[in-house]
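J.: For reference, the chains in residue letters:
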Amino acid sequence: MALATTRRAPASSFIGSVWRSTVGKKAVMAVTGLIMLAYLVAHMLGNLKVFFGAGEFNHYGQWIRTIGEPFLHHEWFLWIARVGLTVSVGLHGVAAYQLSRRDLAARPAKYVRKRARASYATRTMRWGGVILGLFIVWHILDLTTLTVNPNAQEGHPYENLVASFGRWYVDVFYIAAMLALGLHIRHGFWSAAQTLGANSPRRDRAFKIVANALAALLTCGFIAIPIGVMTGVVS
Amino acid sequence: MNLTLRIWRQRTADASGGSGSMVTYEVTGISPDMSFLEMLDHLNEELILRGEEPVAFDHDCREGICGACGMVINGQAHGPERTTTCQLHMRHFDDGDVVDVEPWRAGAFPVVKDLVVDRSAFDRIIGAGGYVSVPTGSAPDAHATPVPKPVADLAFEHAECIGCGACVAACPNGSAMLFTSAKVVHLNVLPQGAPERESRVLGMVGAMDAEGFGGCTNTGECAVACPKGIPLSAIGRMNREYLRAATRPR
Amino acid sequence: MSEYLQYGTGGPVSDTKAPGGPIAERWDRRRFEAKLVNPANRRKHTVIVVGTGLAGGAAGATLAEQGYHVVQFCYQDSPRRAHSIAAQGGINAAKNYRNDGDSVHRLFYDTVKGGDFRARESNVHRLAQISVEIIDQCVAQGVPFAREYGGLLDTRSFGGVQVSRTFYARGQTGQQLLLGAYQALSRQIDAGAVEMHARTEMLDLIVVDGRARGIVARDLITGRIDTYVADAVVLASGGYGNVFYLSTNAKNSNATAIWRAHRRGAYFANPCFTQIHPTCIPRSGDHQSKLTLMSESLRNDGRIWVPRAQGDTRPPAEIPEDERDYYLERIYPSFGNLVPRDIASRAAKNVCDEGRGVGPGGQGVYLDFADAIRRMGRKAVEAKYGNLFEMYERITAEDPYEVPMRIYPAIHYTMGGLWVDYDLQTTVPGLFAIGEANFSDHGANRLGASALMQGLADGYFVLPSTINDYLARHPHDDVPGDHPAVTEAVNGVSDRLRRLLENDGDRTPDSFHRELGELLWDECGMARTESGLRKALGRIPEIREEFWRRITVPGSGQELNQSLEKANRIVDYLELAELMCLDALHRAESCGGHFREESQTPDGEAARRDEEFGYVAAWEFTGTGTAPVLHKEDLHFEYVHPTQRSYA
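These protein sequences, in sequence, are chains A, B and C.
Anchor point for the first sequence: position 186 equals 186 in our numbering, and the numbering is continuous, going up by one each time.
Anchor point for the second sequence: position 134 equals 134 in our numbering, and the numbering is continuous, going up by one each time.
Anchor point for the third sequence: position 121 equals 121 in our numbering, and the numbering is continuous, going up by one each time.
Think of the hints as simulated: they come from the structure by calculation, not from any bench.
This structure is a prediction, so every number in the text was calculated from the model and none was measured.
Don't take each hint at face value.
Keeping only pairs whose Cα atoms sit at most 30 Å apart, straight-line, the calculated DSBU-like set for lysine-lysine is [stated by the list, open to error]:
#1 Lys535(C) x Lys632(C)
#2 Lys35(C) x Lys535(C)
#3 Lys149(B) x Lys384(C)
#4 Lys535(C) x Lys17(C)
#5 Lys17(C) x Lys44(C)
#6 Lys149(B) x Lys379(C)
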């Protein structure tokens, strides 16, 4: 006998099943995280040009504005990238915020005694993310809009950079933020693979190695610059 | 041997856990061959004779398969060994130890009394798709569909879940992803489960979210606590199934 | 005492439902002759199912699929935790996938013979027929049975049969089959077709005008006592092995549902038929709360021995070969360590009674793998038994690769139960019993891997077909909530709980349960004697009297109160134990799991007495402590002719 079992209908729309579920929202975080990660790799490699002197670095800064010409208008690529990154940061942040609230609510009463077995990187994702968010705001004000930069010369990124890193507390904050970034990527990259279902027992080791390598590479690459300024290699 | 136990005592259900407290008991004459639950039996016998209320805890088969028992012992779900509480023996403790015993903590698992929690949310997740719709008597011959041995073994590995809830208890987010994914993977990899592959994962994840479990942050605490060794990769597999189902035109 | 022993013999009881004719056609004929309920009318019928194990879970799901309104109960927090989940070995089915000569008739034959000719042929044949469909059903549900590399199902042989017909899922077949039934049930719960009451325990049966019309149940969380009315009641509440306190049953498995039904008029059949499993991990001390079984397959390669001398407390490694007694190999040279369960169990008891047992309390024998490791290599032993060795080591902290295992028999299954006819209906119309709760198809002894088969056969296929006939013949009418029968049942339950709570005693429920269990184990366990049974029958009323005088139950009835639950179950055990002993006393023969020392062959084997005892003993309740009435169902064997077993 055709006795249909009435089932609660799963969310019917794409948005419904992605954004409204914890699994889908994590996938949004994974995709936006990977976009930001790809950007960071390019950003870090470009930054290393600073070691070749003011001329080459400033020229690189100008070139970025011309990517895509003549198909794209001047600076359009840059703005597309900026919008893409802003949307990524926004979605990543909003999803993280919403999921965190949900996660905290899911354990209303805490354990009197709890022994966590997860790694440090895993346990610092939330606060590390907040630190990175604050860092991004400061970083843009410092080196993009130049609002808080002591040099603040438009078109002279090299000089602005050297001036900014001439302050010890900026170096400390920057290096701390980059260490947080390393930890964030270390767990985040592998986590994204897991969230997107790309991971498997066979690939797990490889993903962890790549995650560690990316984290080390980006952290070292970015930290090299304030250290270069502090040691006078870059001046 | 003798132990100092600090046990969560809570008389009535209360979501916030505010009405309970940790109560200290000195337990003497413990044999190293006792299971943790037998040690609690021993305490309860004494409490009854003293006219006090014994500690309520869930248990049934006491051989590690029914999934009824479960408590957080010294901050670890099911205690220091990778097994169920009923199969944890007192020889893993030392004379004079102070042992903290708490119930599973999760919003979706409200405490009923003392160490007893309500895990019916798990049943509702299964009801939302954790089955193959095959009315009695309508099955084809068992050999009609061969299943490659590696696939059958993979399904079995995930079907071993006993639904104890240690994964939820251990997860910092109180997430039920390991439980849900174990059932999704068990049925979705088998040819018998294929026709309902999409509706199953969408329905079960939907139910899991509706029950108020937290999300997965890939901490891996669940898989470490799981007495049956359900692998963390189950969650990755379920994520893939979910995204596949969610992005397919319907 | 003497009054209870003066039981009367009532009229014979007989199964009127099984059709005659060739045995292979009876099930078809019964299904055809049974009246049906129009599909559109089924939802107007409510069926109560108590228990969610293999039988109950399967029955609830199937009845709901058919369109009935099912109201189901389990005492556990989830239907998935029923104790069927702990079955390890496998499930038999006459598929003959191995082409090794198996057939429905062979499975039928093996089961009747294995049951020592105390089962009904029609029922057993039906079980063998249905076994084939069970495997199909479970595979379609996604039960991950073991498979061969070609993708087809693997089977193994089990417990003394010569064909390979046991399907399995590693050592967790029961778990996987139960989860299959649970999933089917969950689907119906989600659809609203099954109204599930978890953590709710049946405490009485409501009988109105001679028909079972509902139950009284207690919500274990709030303590509320509610009545549920229905057109039929199905008991799938399992066996009563926990009457022994120490058994391989789950701690909370209990006999209350079937015992309450018995008190309301359902005959209790063959209560003395209990099965003892020879390879359990021995108890380690007085704290022991339950026993854990290890697969019998261990006896394929392990050698069983005890020291020759009494009270030899040397570690096993220090006992030289010529001071060891491999007693099974000595007494049964042709079968050796592979004699059937009951024989292996009794032999272990005998050597322990002689004071040659090993381990704490001298209640154990060695199961030694040293020879197997020498012969096959440690690796091969590990591959074959690794998980069992691990389980043993976890519990005992001894490494069985280095030190011989210690084993001892334990109660693990009860063949007896509520008497049912071919339709699985008890002597109370409208009350059905399925799975281990009924007196079943296993006669006096159950073969390995047959419990899962019977539970699922009853639940998926038999009951859902036969219950139609009853429901079709009895138009449903309402039972008012204030019907005297309902009020009486509710008051009875409430009074009993109040009495337990109000008693100002000094002994815990467990202390009584332990005392009763030890008495039963000693006098109504592996070997029974007239004098021992008489002693137990004298002692049980005394314990019962002391129980009501000295029991103390803390807390109140309006909350989760596990002591109250225990105490309430013990009240029923104290009556059931008495009936078990009486049944064992009256059955002055040995058969299957029931061994009377007075009835043995010259070489010490069980001697059946078919002329006098070739019947099912169905007991009618007359009151607590008053003599029950015996009704006999004579057994006729048209297809399998009784023979005496021999393993020497």
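J.: It remains to establish, for every hint, whether it holds in the given structure.
T.: Hints, one by one, checked against the model:
Note on lysine 535(C) and lysine 632(C): the hinted pairing holds, with a Cα-Cα distance of about 25 Å set against a maximum of 30 Å. The straight-line distance between the Cα atoms of lysine 35(C) and lysine 535(C) is roughly 50 Å, outside the 30 Å bound, and the hint therefore fails. At roughly 18 Å between alpha-carbon atoms, lysine 149(B) and lysine 384(C) fall within 30 Å of each other, so this suggested pair holds. With a C-alpha separation of about 40 Å, the suggested pair lysine 535(C) and lysine 17(C) falls outside the 30 Å cut-off, and the hint is violated.
Only pairs whose Cα atoms come within 30 Å are accepted, and lysine 17(C) paired with lysine 44(C) is accepted, the gap being roughly 25 Å. A hinted pair counts as satisfied when its Cα atoms are at most 30 Å apart, and lysine 149(B) with lysine 379(C) qualifies at roughly 23 Å.
This entry does not satisfy hints 2, 4, going by the numbered hints stated previously.
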